[in-house]
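Using the hints provided, position chain X relative to the given structure of chain W.
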Amino acid sequence: MMCWNFGVLSQNYPQLDALYAPKLTGASFVEKRYHGTPFVTPDWTKSTIVLSTGDTIVGEKIKYNGYSDEVVWINQNNFNKFTLDKPNIKEFWIQSDSTHSAHYKQIPVPIYPNNQKVFLETTYEGNVALYIHHRIRRTGIYTEKYEDLDYQLDVLTLNNIYLFKLPDGRWIEMHKLRKRHFLKYFPEQKKAIMQLAKKNHLSFDVEDECIQLLHIIDQELLARPK
Amino acid sequence: MKYFFSLIFVSCILCSISAQNLPIEKLYLQTDRETYVTGEPILFKLNVLDAATHRPSTVSKIGYIVLRNTHSTTIRQLRIRIDNGGANGNITLPDTLSSGVYQIVAFTNLQRNYDEKFYFQKQLTIISQSDTNFDFYKNKSKPANEQLINTNGQLTIECDSTHYRPCQRVAVKLHAVPSGANVAVSVFESKNQYACKQPEPDQNTEYKPVTNYTYLPETKGSILKGEVIDVTSQQKIKNAVVLLSRIDTVPNLKYAITDSNGKFRMFLNNYYDGQELFLTIKDVPKNANWKIKVEDKFALNQKFAPSTVAGIDTAFFTKSQNIAYINKSYEVDPYKQEKASDEHMAPAPRFYSGSASTIYPADYVPLDNFSEIVTELIPFLYIRKNGDQKWLYIVGASSAQFENKGAALFVDGVYVNDVNKITDFGSNLIRKINVLYSERCYGDLVFQGMVSISSRENLIRTLTPASYTLRIMNPAISNTHFLTASADPATTNKDKPFVRQLLYWNPSITVSDKKDTEIVFYTSENKGIYTIKTEGFTKNGEPICTSTQFEVK
Numbered sequence: 000m001m002c003w004n005f006g007v008l009s010q011n012y013p014q015l016d017a018l019y020a021p022k023l024t025g026a027s028f029v030e031k032r033y034h035g036t037p038f039v040t041p042d043w044t045k046s047t048i049v050l051s052t053g054d055t056i057v058g059e060k061i062k063y064n065g066y067s068d069e070v071v072w073i074n075q076n077n078f079n080k081f082t083l084d085k086p087n088i089k090e091f092w093i094q095s096d097s098t099h100s101a102h103y104k105q106i107p108v109p110i111y112p113n114n115q116k117v118f119l120e121t122t123y124e125g126n127v128a129l130y131i132h133h134r135i136r137r138t139g140i141y142t143e144k145y146e147d148l149d150y151q152l153d154v155l156t157l158n159n160i161y162l163f164k165l166p167d168g169r170w171i172e173m174h175k176l177r178k179r180h181f182l183k184y185f186p187e188q189k190k191a192i193m194q195l196a197k198k199n200h201l202s203f204d205v206e207d208e209c210i211q212l213l214h215i216i217d218q219e220l221l222a223r224p225k
Numbered sequence: 000m001k002y003f004f005s006l007i008f009v010s011c012i013l014c015s016i017s018a019q020n021l022p023i024e025k026l027y028l029q030t031d032r033e034t035y036v037t038g039e040p041i042l043f044k045l046n047v048l049d050a051a052t053h054r055p056s057t058v059s060k061i062g063y064i065v066l067r068n069t070h071s072t073t074i075r076q077l078r079i080r081i082d083n084g085g086a087n088g089n090i091t092l093p094d095t096l097s098s099g100v101y102q103i104v105a106f107t108n109l110q111r112n113y114d115e116k117f118y119f120q121k122q123l124t125i126i127s128q129s130d131t132n133f134d135f136y137k138n139k140s141k142p143a144n145e146q147l148i149n150t151n152g153q154l155t156i157e158c159d160s161t162h163y164r165p166c167q168r169v170a171v172k173l174h175a176v177p178s179g180a181n182v183a184v185s186v187f188e189s190k191n192q193y194a195c196k197q198p199e200p201d202q203n204t205e206y207k208p209v210t211n212y213t214y215l216p217e218t219k220g221s222i223l224k225g226e227v228i229d230v231t232s233q234q235k236i237k238n239a240v241v242l243l244s245r246i247d248t249v250p251n252l253k254y255a256i257t258d259s260n261g262k263f264r265m266f267l268n269n270y271y272d273g274q275e276l277f278l279t280i281k282d283v284p285k286n287a288n289w290k291i292k293v294e295d296k297f298a299l300n301q302k303f304a305p306s307t308v309a310g311i312d313t314a315f316f317t318k319s320q321n322i323a324y325i326n327k328s329y330e331v332d333p334y335k336q337e338k339a340s341d342e343h344m345a346p347a348p349r350f351y352s353g354s355a356s357t358i359y360p361a362d363y364v365p366l367d368n369f370s371e372i373v374t375e376l377i378p379f380l381y382i383r384k385n386g387d388q389k390w391l392y393i394v395g396a397s398s399a400q401f402e403n404k405g406a407a408l409f410v411d412g413v414y415v416n417d418v419n420k421i422t423d424f425g426s427n428l429i430r431k432i433n434v435l436y437s438e439r440c441y442g443d444l445v446f447q448g449m450v451s452i453s454s455r456e457n458l459i460r461t462l463t464p465a466s467y468t469l470r471i472m473n474p475a476i477s478n479t480h481f482l483t484a485s486a487d488p489a490t491t492n493k494d495k496p497f498v499r500q501l502l503y504w505n506p507s508i509t510v511s512d513k514k515d516t517e518i519v520f521y522t523s524e525n526k527g528i529y530t531i532k533t534e535g536f537t538k539n540g541e542p543i544c545t546s547t548q549f550e551v552k
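Heads up: the protein sequence lines correspond to chains W and X, in order. Residues in the first sequence are numbered consecutively from 0, following numbering that gives the first Met the number 0. Residues in the second sequence are numbered consecutively from 0, following numbering that gives the first Met the number 0.
These are computed hints drawn from the structure, not numbers from a lab. Positions of the beta carbon are idealized from the N, C-alpha and C atoms, including for glycine. Some clues are possibly wrong.
The calculated BS3-like cross-link candidates involving lysine-lysine, where the alpha carbons are at most 25 Å apart (straight line), are [claimed, not checked]:
#: 1; chain 1: X; residue 1: Lys-404; chain 2: X; residue 2: Lys-493
#: 2; chain 1: W; residue 1: Lys-22; chain 2: X; residue 2: Lys-404
#: 3; chain 1: X; residue 1: Lys-318; chain 2: X; residue 2: Lys-190
#: 4; chain 1: X; residue 1: Lys-116; chain 2: X; residue 2: Lys-302
#: 5; chain 1: X; residue 1: Lys-237; chain 2: W; residue 2: Lys-22
#: 6; chain 1: W; residue 1: Lys-45; chain 2: W; residue 2: Lys-31
#: 7; chain 1: X; residue 1: Lys-513; chain 2: W; residue 2: Lys-89
#: 8; chain 1: W; residue 1: Lys-22; chain 2: X; residue 2: Lys-121
#: 9; chain 1: X; residue 1: Lys-290; chain 2: X; residue 2: Lys-404
#: 10; chain 1: W; residue 1: Lys-189; chain 2: W; residue 2: Lys-178
#: 11; chain 1: W; residue 1: Lys-45; chain 2: W; residue 2: Lys-22
#: 12; chain 1: X; residue 1: Lys-281; chain 2: W; residue 2: Lys-22
#: 13; chain 1: X; residue 1: Lys-121; chain 2: X; residue 2: Lys-302
#: 14; chain 1: X; residue 1: Lys-431; chain 2: W; residue 2: Lys-85
#: 15; chain 1: W; residue 1: Lys-22; chain 2: W; residue 2: Lys-144
#: 16; chain 1: X; residue 1: Lys-224; chain 2: W; residue 2: Lys-22
#: 17; chain 1: X; residue 1: Lys-262; chain 2: W; residue 2: Lys-22
Covered by chain W, per the in silico footprint, the following chain X stretches (three or more residues, Cβ under 8 Å) [unchecked claim]:
#: 18; stretch: 213-222
#: 19; stretch: 391-401
The shape of chain W in the complex, shown without the other chains:
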């Protein structure tokens, strides 16, 4: 009954919603064949996109292309695909499964050449932050035979890069989560961090647990006034 009422209330406003909805812009997306996939998210998934203008678009289906670091949108009205203009996108949320959504932000990474702006999955942001760059790289060539013809396809492989932003603004990059490497940057809190990990039964090397641990470190150690 409540759902029905909410539905009726919203009948007054869908005309307004459509009126205010900003438009997505981009270039036609041309699919290319690879051995592997350029997409981090393989399925067309509902999203929330925040544009650089501050407008929010909800419900459009997108995929994140980790090979070209672009967002591809499928227009549900004509089922055609477009690569969205990257400067127009500030951040987006994409449903990774029924319970979780992944949050991506376009962030300039100082340790990349030219302070390159990249879509990073934002897993935790506080005094310390953890971003994951789901980078898909070309790692080889694969020859596929089809009807007596050889096709050379680029081999695409996903490499996650873990990017930590430290409280002093420095960035560090890890291809695998390594506690020792992380602790090098917290010499004074090293013991305390290890104790927190032990107390909460969290392993730094496991992505989900690492995120939880960072949250605890931020609250217990880094948020305290000196």
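Then chain X, alone, in the frame of chain W:
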């Protein structure tokens, strides 16, 4: 148990029926005075309330004000921004108006769903500076049975005296109101006591319920509404794509698709305020005679039926003219300009974000027309022809997914759908050309690339518009600044006369629920009887009004 669930079910239905209606708005406009001389400004405060709760309406953000004469001819029309149910502003009266009674009408777009009788209407007297006969003022006696009350509601005011000398300080206390209030205070010369209106009975029952809103509430900004018709057959055209741009350094675009009644709507944020709007229809069939019509929001159907002006001495009119003349001659500006709340300019709805290929014709040998420029300077771009229609073709910019209808063409930021318009543009007229070489989407629209021309002198204005295009001026918001008045001889030039009929106007004074509020102003050298008028609403939405008088001699 069954009865219980039935009761819930019926309640839900009733709730949903009432929920289908947007709030009914009620407008109140207070002016600083009732009589003006041409050339003076009418200072006003507008309150927009929810008629059911009597609290400030949070729905409409744009209001419309029309000033018209006895022939119902519009003299001034304003679009104003409403913040939290309130707006302050002023209307400058032209010097050329003739003496007579005029009407101010105020309304919102949401109110247009109801009868015009629910719009706010107020009659004012305006005196021409050169009028000596005042023929419009026929009945000089007071009308019978006039119910004059000088107070209405909980507000009381107290002056420190009833008589003052010229250039003397006046302190007025507004006594605390139990629930707190926001009022407009005006002090002006007037022999007659200001008549506070009796509180109006609840008129909600007179409003016919609306289930299908023809006029949507302007909750964020203006809504442009129009239609596309075939001029020959008068048929409404459905599914026509109407495009909108304005002059800018970046190609910008908005679009709407006409519905089954040929109507379209577009939201105009403040990016379009005070700008010329260029509207066109995409892909008009050959030989079709389509036209865009945009509704006039300010149009009023009900005529102004003036009531007789009575109870004013024409000597007062003459005095008002003299004072206005003196101030004008000595270039005395008795008003102070205040800034309304800042609103950030909305960003342009850019056709694309990112980089494009850029060509500056001035870097090359001068070329006489656009064809030569395309041939010599822009690779992979051709002007193709189909009959007498020309269009821009970019090699490689079309996929198999869409019909190739050519690249989008922009001139000075404005979408132009006829290449013939720019064929004479040579290097001397074009400052820069941007090209996008890929097929692009803008929402549901698809274009095979883009060519954007920035001309040296906004040449878009000189292009002859096609019959299916329309250029209209989108009026600016009028109340980014508003005027207040507070006579103070210390701040005036000693070499100039200090004569005022309006001693004080402040559209927004908060009256506390705990302590009195004091306002201070000075009398001027103009001797006479003055009225202090205070009008507004309590925080509970109850109207309050009070007035008192004092004399300067």
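Each hint tested on the structure:
A C-alpha spacing of about 71 Å is found between X/Lys-404 and X/Lys-493, which places the hinted pair above 25 Å, so the restraint is violated. For the proposed pair W/Lys-22 and X/Lys-404, the alpha carbon gap of about 20 Å is at most 25 Å, so the pair holds. For the suggested pair X/Lys-318 and X/Lys-190, the alpha carbons sit about 12 Å apart, so the restraint of at most 25 Å is met. Between the alpha carbons of X/Lys-116 and X/Lys-302 the distance comes to roughly 11 Å, so the proposed pair stays at or under 25 Å and holds.
Proximity of X/Lys-237 to W/Lys-22 is assessed by CA-CA distance (about 21 Å); at most 25 Å being required, the pair is judged to hold. Taken as a hint, the W/Lys-45 and W/Lys-31 pair is honoured in the structure, with Cα atoms around 23 Å apart against an allowance of 25 Å. With a C-alpha separation of about 48 Å, the suggested pair X/Lys-513 and W/Lys-89 falls outside the 25 Å cut-off, and the hint is violated. Using a Cα cut-off of 25 Å, the hinted pair W/Lys-22 and X/Lys-121 is violated, with the two alpha carbons roughly 43 Å apart.
For the suggested pair X/Lys-290 and X/Lys-404, the alpha carbons sit about 22 Å apart, so the restraint of at most 25 Å is met. About 10 Å separates the Cα atoms of W/Lys-189 and W/Lys-178, which keeps this hinted pair within 25 Å; it holds. Distance check on the hinted pair: W/Lys-45 and W/Lys-22 sit about 16 Å apart at the alpha-carbon level, within 25 Å; holds. Straight-line distance between C-alpha atoms of X/Lys-281 and W/Lys-22 comes to about 17 Å, which keeps the hinted pair within the 25 Å bound.
As the CA atoms of X/Lys-121 and X/Lys-302 are separated by approximately 13 Å, the hinted pair is consistent with the 25 Å bound. For the hint linking X/Lys-431 to W/Lys-85, the alpha-carbon distance of about 24 Å falls within 25 Å, and the restraint holds. Of the pairs offered as hints, the one joining W/Lys-22 and W/Lys-144 is violated, with about 42 Å between alpha carbons and a cut-off of 25 Å exceeded. A threshold of 25 Å between alpha carbons decides the hint, and for X/Lys-224 with W/Lys-22 the separation of about 19 Å falls inside it, so the pair holds.
For a cut-off of 25 Å, the pair hint linking X/Lys-262 to W/Lys-22 stands: about 20 Å separates their Cα positions. Given as covered by chain W, the stretch 213-222 of chain X passes the check, having 5 residues with a CB less than 8 Å from a CB of that chain where 3 are the minimum. Chain W is given as covering the stretch 391-401 of chain X, and this holds because 3 residues of the stretch bring a CB closer than 8 Å to a CB of that chain, at least three being needed.
In terms of the numbered hints stated before, the structure departs from hints 1, 7, 8 and 15, listed from lowest to highest.
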